[in-house]
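Could you build all of it, start to finish, from the sequences and the hints given here?
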Amino acid sequence: MASAGAGRIAGGAREEKGARVRRKSESSQLAGSVKEDLKSLWANHDFRRLWVGQSVSSIGDWLATFALLALVWNRSRSAAAVAGLLVLRIIPSAFSGTLATWISDRWDRKKIMIYCDVLRGFLILWVAVMQSLIYLYVLIFLMEFFTIIYMSARDASLPNLVEGENRLTMANSMTLGSAYGSIPLAAAVFALLVVGTSPFLRWLEGTGFFSEHPYSISFAADALSFFFSALMVARVEKPLILRARVETREEFRVSMAASLAFAFRNRFMRTLTAALATGTLGGGGLFAVGVVYVHQVLEGNDTQFGFLMALFGLGMLAGIVGLQFISRLRAKWFIFKVGLLCAGGTLVWMSLITVMFTAYLAALVFGAAFSIIFLTGITMVQEMVSDENRGKAFAVFHAVSRIFLLLGSALAASLAGAIKDFHINLGLYHLHVWGVTISMFISGVLIASVAFMPLRERMGSEAEEVAGEGAEERTP
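For the sequence shown, our numbering gives the first residue as 1, with consecutive numbering after it.
Mixed in with the good hints there might be a few duds.
As a list, the in silico DMTMM-like pairs of lysine to aspartate or glutamate whose alpha-carbon atoms are at most 20 Å apart [claimed, not checked]:
| # | residue 1 | residue 2 |
| --- | --- | --- |
| 1 | Lys111 | Glu237 |
| 2 | Lys111 | Glu144 |
| 3 | Lys420 | Glu299 |
To be clear, the hints were calculated from the coordinates, so they are not data collected in a lab.
Below is the structure:
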């Protein structure tokens, strides 16, 4: 009996060792697969040109954003005037997404992106010489309008440049990484341009125009980044749309109506749009009340708030990298739901803690979960929606995400300001509650609730439905 027991123990040890060897082998194969996909993407000349242009313009875009906030504040000394910039970024999202649907599905997407880059470049140059805040707001409104159209055309083009499900996920990760990973670099460049001491900057500041308009250096740099992006897109050789169409006036009206109805008619897009709206409505809470949370609840300062946001950005980058491995092991609908639960749970956790170091850890986790949710959602749209309808899908995706993110920010800020702090005695635990923590708690619950939407069931038969819709649109 003793020998039999020893044999079972030895057998269990061998099985455990074999399992460890298999896991190590699978991990090595997974890492090799990710590395191979990355090399393949970088060898794709068209994708590389698009990505490099996107990365440079993202740096310029954030650079101009910092300059705009500083410019409006210095001219008005009004928090309401600064908030007006956010409002003007909501309004174009509400209707330009509809226009972007039929443009990106029926026009040459390459030309769309080039025109949008060039127009945004000239608009930001015009901002440099604007003295009136009213005219400045009009220009920002127009820039956001063209940004929505550009993003819809870009995302709808990626599946035509990149082949393979895993490579498409990585392409989306690289695109999102260039958009958000450029924030620290743009902040450093902005600081250099504003307070820099290089001979070139001193010479620029000594000229008549730049001495009177110091932020114009940032706007000029942003314009150059847009023109560079347009040049990179112009060098893309592969067609970015399978079939472009020239429509009559009647066809234009019909396609506009179809664009408006697409997100409600298509079962997958209907569910994903509802999930996206609810999730971003909650996600806007952290962006709106983050600085208040640090000052009131954590008793920190602006430097610590900046560090918290930096850790959020690092978390996003970690999520982008981690998704390359996770997406090869689990279904995307499962990753999407787990990401929602993690993001919502983390926000609820942050609403209950008062220790700065713990909040730093939570910011890392929230950033990783947020990027995974966003990337997985984009990839599912690209995989589940046909080329004929992809422009509609991404116009809806970006419009809804922007509208509800900023709407959530406004609601969270209003709630945080309306509720005064109070205390709850729970016996052994004394809880100090602020309006900002209530806002964050509600936001976290909203995000987590999206995980219970029936997304998997909607994806089950969606391939047949999408194929049928594409065939209908191709029928003359």
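Right, here's what the structure says about each hint:
A threshold of 20 Å between alpha carbons decides the hint, and for Lys111 with Glu237 the separation of about 12 Å falls inside it, so the pair holds. For the hint linking Lys111 to Glu144, the alpha-carbon distance of about 18 Å falls within 20 Å, and the restraint holds. Distance restraint check for Lys420 and Glu299: the Cα-Cα separation of roughly 16 Å lies within the 20 Å cut-off, and the hinted pair is therefore satisfied.
Hint compliance for this structure: every hint is met.
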